[in-house]
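Listed in order, the protein sequences are those of chains A and B. Counting in the numbering used here, the first sequence runs from 1 upward without gaps. Counting in the numbering used here, the second sequence runs from 1 upward without gaps.
Keep in mind that the hints are not guaranteed to be accurate.
One copy or two, it doesn't matter: identical chains are merged, so the pair holds either way.
What the hints assert, rightly or not - List time: in silico DMTMM-like cross-link candidates among lysine to aspartate or glutamate, alpha-carbon distance up to 25 Å: (1) Lys262 x Asp246; (2) Lys262 x Glu120; (3) Lys43 x Glu179; (4) Lys262 x Glu297; (5) Lys280 x Asp106; (6) Lys295 x Glu120; (7) Lys310 x Asp287; (8) Lys295 x Glu32; (9) Lys17 x Asp106; (10) Lys116 x Glu181.
Worth flagging that the hints you see were computed from the coordinates, not collected in a lab. Predicted model only: the values in this text are computed from it and were never measured.
2 protein chains.
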Amino acid sequence: MNHHASTTSHHASLDLKAFLEAQRQRVDAALERFLPASDSLEKTVVEAARYSLFAGGKRLRPILCLTAAEVVGGTADEALTAACALEMVHTYSLIHDDLPAMDDDDLRRGRPTNHKVYGEAVAILAGDLLLTEAFGLLADPRIGSNAAVAAERRLRALTILARASGMQGMIAGQVIDLESETREVDLATVEYMHIHKTGALISASLEMGAVLGGGNDQQIQALVQYGRHLGLAFQITDDLLDIEGDPDVMGKPSGSDVAKNKKTYPALLGLARSREMARKHVDRAVDALKTFDEKAEPLRAIARYLLERKA
Amino acid sequence: MNHHASTTSHHASLDLKAFLEAQRQRVDAALERFLPASDSLEKTVVEAARYSLFAGGKRLRPILCLTAAEVVGGTADEALTAACALEMVHTYSLIHDDLPAMDDDDLRRGRPTNHKVYGEAVAILAGDLLLTEAFGLLADPRIGSNAAVAAERRLRALTILARASGMQGMIAGQVIDLESETREVDLATVEYMHIHKTGALISASLEMGAVLGGGNDQQIQALVQYGRHLGLAFQITDDLLDIEGDPDVMGKPSGSDVAKNKKTYPALLGLARSREMARKHVDRAVDALKTFDEKAEPLRAIARYLLERKA
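Chain A extracted, bound-state conformation:
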């Protein structure tokens, strides 16, 4: 195995675990404020949305977004509604993906999936709610620090979010994923699928943060590059975990991708070449950050951490 300097973990002074935990708490507090429990007639669907939104997610996308804003010289506060919007869009996609008509999953993060608890109708609506409110959160001048951020920047962030989650992004990836379960696909198609299904939103997290934080074009492009490689490394290590991971740590049974005939990297490339490819993307992700100072250290550490992840 090629122990390239950028992929060893002992040269970072940053305590990644403590950083992620502090950021996660910050995002959770903001989400709680932006989507509080409801006692209205329609409270069931709000409860269902909150059930999945507060299911112990790692808040990776929000953390990438907040950090990107700081990396380009802005403040995390300028990107806080965007960070929460990203988590809401991510959560909506999980709820709809788990539906019986889609992946038909009963468990997510060790708990029953949304439709198992609330039924299909409410689960569909809870996903719709999260998607809709994500855009409302980012657009509404009365919320958070929105009014302090230039309207043009917010519109640009909204556009990035819509493109990453729409027909040229996440939805494209999901359709191809569904179709690939019943036919043979090659590596290029699998890569195209992942770039759209998960990569687009991860990349958008960094781009939105950079735009809202006032980054220049060069800074924004560097963070987008980082995001693209991080997204692919994330997907490959996810596929590897499905085969090699500990079901207790992951909260779901291992081998579920294989059982569903999902076209994974290990299935197409084998374990060794998949690990090598994950490492290559981590290296490139870190490399994209070379013009940034120590504020980008969390992003470097997150990329390297993917090679050691257990869940």
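Fit chain B to the supplied structure of chain A, relying on the hints for placement.
Same frame as chain A, but now just chain B:
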């Protein structure tokens, strides 16, 4: 029956049918431009979205939006992306409402519903696509005349759209509608349900148009008032049509609300009082427009037309 002047139809010089047809064509052409057919890997979901988007809808919401922009002294062009976004949100809501887990409808406008043609998974994603792209359409400065409209106005329009279609709007109405099928509800709940499920988006159509056209607060509020009464009149006449309408003209069997135990106005109030209530809301809708000149004539004519509608 009280033949109030504002509800007779012979004092309008406007040819409503020709006006609606010209506006419909304008909206259809814009929708075709904003959501063209795709030959990408993910073309299936785009095709599914277009199947429902171009299913012969009347384009009521877009027409209200474009007209509102003109009524306050702006141009229809300033509201064109908003008008199309409204139709996309409306169409998404129909696709998801028709799903087996929701209303389980096989026919819509005389054609098989989306999931009957494309399957449930693609239908869910086609709805998600339309909802997501609606926000992208309104936010993206590279589309239509967006760049010519002040960013603050566009953010305000986006906020109105998100609120009207989100948990305090359409989704709230849909949840209450679902729940009311299995329990007794009173008139106040039915009204609350309709105000959210259909009224919010109709009202938003007018408010968005007024905002994008540069209306002042008083003008915007007058159009919102018109929209509220129009929305209720629309719902009541819709309920009446389900009982009294001609199935061939409507493209769906009559009596379907009764069969599903839907709580309609006629079911709660009887036919006579429902007709009277529709007329009252039409009067109030027209009354809300009293400070506007002849540019508001199409809005007056649309309201009056509801009392004569056949489909």
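### Query
Among all the numbered hints in the text so far, which are the ones the structure does not match?
4, 5, 6, 8, 9
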